[in-house]
Each structure stands twice: as structure tokens, then as C-alpha cells.
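Numbering-wise, the working numbering comes out as the position in the sequence shown, counting from 1, plus 257.
Simulated from the structure, these hints should not be mistaken for laboratory data. Heads up, some of the hints might be wrong.
Claimed, not checked - Simulated pairs of lysine-lysine, PhoX-like, Cα-Cα distance not exceeding 25 Å:
| no. | residue 1 | residue 2 |
| --- | --- | --- |
| 1 | Lys486 | Lys457 |
| 2 | Lys457 | Lys417 |
| 3 | Lys331 | Lys527 |
| 4 | Lys449 | Lys368 |
| 5 | Lys373 | Lys487 |
| 6 | Lys545 | Lys331 |
| 7 | Lys545 | Lys487 |
| 8 | Lys527 | Lys540 |
| 9 | Lys520 | Lys307 |
| 10 | Lys368 | Lys527 |
| 11 | Lys527 | Lys373 |
| 12 | Lys486 | Lys540 |
| 13 | Lys331 | Lys540 |
| 14 | Lys552 | Lys443 |
| 15 | Lys449 | Lys370 |
| 16 | Lys443 | Lys410 |
| 17 | Lys368 | Lys443 |
| 18 | Lys552 | Lys368 |
| 19 | Lys527 | Lys307 |
| 20 | Lys486 | Lys545 |
| 21 | Lys368 | Lys520 |
| 22 | Lys331 | Lys307 |
| 23 | Lys457 | Lys414 |
| 24 | Lys377 | Lys527 |
| 25 | Lys369 | Lys520 |
| 26 | Lys552 | Lys520 |
| 27 | Lys369 | Lys443 |
| 28 | Lys443 | Lys457 |
| 29 | Lys410 | Lys377 |
| 30 | Lys487 | Lys540 |
Model, not experiment: these values are computed from the prediction.
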Amino acid sequence: MVGKGYQLLDDKTQYGIIIGMEKGGVTMRAAVFSLILMLILSLSAYAAEKSRLVICGTGDSQSILREVAPMFEKLHPDVDVDVPDSIGSSGGIRMTAQGRCDLGRVARPIKKKEEKYNLKYQVFAYSPVVFAANLDGRASIELTTEEILDIFKGRVKTWKPFTGIDAPIYVANREPGDSSRRVLEKTLPGWKNIEHFEGKTIYSTPELVDILLQNPYTIGYGPYAMLGKKGLSIVAIDGYLPTIENIQRGDYRPVTPFGIVWKGRLEGRKRDFVEFLFSPQVKELFLKRGLIPAKR
Numbered sequence: 258m259v260g261k262g263y264q265l266l267d268d269k270t271q272y273g274i275i276i277g278m279e280k281g282g283v284t285m286r287a288a289v290f291s292l293i294l295m296l297i298l299s300l301s302a303y304a305a306e307k308s309r310l311v312i313c314g315t316g317d318s319q320s321i322l323r324e325v326a327p328m329f330e331k332l333h334p335d336v337d338v339d340v341p342d343s344i345g346s347s348g349g350i351r352m353t354a355q356g357r358c359d360l361g362r363v364a365r366p367i368k369k370k371e372e373k374y375n376l377k378y379q380v381f382a383y384s385p386v387v388f389a390a391n392l393d394g395r396a397s398i399e400l401t402t403e404e405i406l407d408i409f410k411g412r413v414k415t416w417k418p419f420t421g422i423d424a425p426i427y428v429a430n431r432e433p434g435d436s437s438r439r440v441l442e443k444t445l446p447g448w449k450n451i452e453h454f455e456g457k458t459i460y461s462t463p464e465l466v467d468i469l470l471q472n473p474y475t476i477g478y479g480p481y482a483m484l485g486k487k488g489l490s491i492v493a494i495d496g497y498l499p500t501i502e503n504i505q506r507g508d509y510r511p512v513t514p515f516g517i518v519w520k521g522r523l524e525g526r527k528r529d530f531v532e533f534l535f536s537p538q539v540k541e542l543f544l545k546r547g548l549i550p551a552k553r
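With the hints as constraints, model all of the structure from the sequences given.
So this is what it looks like as C-alpha cells:
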């Protein structure tokens, strides 16, 4: 017999719920505890039901897809979209082929040697490749193609001829094979013929952004989607800034395709996400960020 002031521990449950028998009923404390326990269990069950969509790859589209992710989650609350840090386009392709990512972020078409993975490829936007410099908050500066080449060759060492600022030029370059560098090799006359580049080589777009922001008088290049809204000075190449009008007319030529790759059939939430990239609200976001939406 359990009397008043005694406690009974039910050893059949791992939670050790203490039930006090008082006047033939459950105490208020036990009732509240049980209610909290049921709430925790229901929330745990809800969390377990949510699926995860991992989109890995290039750092070029990392920032914009991190903006798209919560927009998609709002429409599909059963999904958590994960856009991890950059592993490059090649890494995104490999990880997707291995089934370790649901979708891959790429800033270039699939290479011939990667066709063995049998991945599908879809461009969703085009991003201008821009030169950007940390120059006291100036919105833009003008450089000719030859002046850009001279800076990256190390022939010009100071900003004074171009801006009037008597300060040294620090150069942040990208590694061979980088998507932005490949675009410049195809579109900027003389770039692919540079035998020796001045400055330091940077191996990811997010790292490049950090270096530019933290080091005054440094110039580098990368996707406008990552560099355009950071307070850096964007270079007008031969008088042309990377506006949508200049790109559409062909006056501004360095442009990177932002794409998604996937393995097998595109279905479920993967299909929903890819289709969402072509929705009116996402296209509006792209335009605000200086990207040109692609046609499907």
C-alpha cells in the first residue's frame, strides 16, 4: 500500500516518472511533467520526419543559394536545405556522383572526363565575372584590358595612375582551372597568355572575398554574386560595368554559368528545388543580385 508522502518509481519506463498517489489521483507535478514529455516526444517525431536536401559544390553560387534555401523551406516545411561551404565544381560533381550530395553546385559545364558519371546538368543563372578592389569604398573604377593585364603581370605596382591614390597594388589571383579564371581566359584578350601572375593564389571564392575585404588596395576577381554587394570597387572593363543591359548587348563578356547537377531521375524534393530556381520570386532575387536568370 502506498500512502501519502511516499513515491512509486515505475521501473518499466526509462524516464523514471515519479507518480505520487494523493487522494486517489495523479499529482499536479506529475501531470505537468507528463504533458512536457509528450510535447518533447511529439517535437522529436516531427523533426525526425523532416528530410534533408544537401547541395554541395562551387563557392561561386554558394551565397545566392543560401538565400534561396529559406525561401524554399518556407514553401516546403518538411525539408531542411543544406548549402555547405565550397568544395569546388569538381568536388560537387564527384560528391553528387557518389550519392553523398543530393544536388551539385557547378560554375561550368560538365567536362569530358566527367561524363562517365552520367550526371544531368542544368544552368539556372548567369553571373558576371568581375574584377573588384578594396579602394576606400569607391563604387567603381575604370580600367582598360591592357591596364588589367599590366596589373596582374606585375608591371604596374601602384594605384596612382588609375585612381590618384598613392598606394601599392596587392593582387589576389585564382588557381588554374578555377571557373572565373577559365571565363577570363576565353573572354579577356591576352589573359590566357600571361606566363607569370603577380600576387597570391587563392583557392576558393569565399576566401577571396575575405581577403579583399580585409586587405585595402587589393584587387581580385570572381563572380559578381559574391563580390558585388560587399562595398568593393567594381571595375568597368573598357568603360563597361557588368550591368544586365551591357551583358545582353555583349559589351560585357566575362560571364559564368551557374548550374546544378544531379544523378538519376530528377524527382521528389530535388525536382521541386530545381523547378523553384525558375520561379518568379527566385528570378526576382537573381536580378536584385546582378544575376541573369536562365531559360529552362
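- Which numbered conditions among the earlier hints are violated in the structure presented, ordered from lowest to highest? 5, 29
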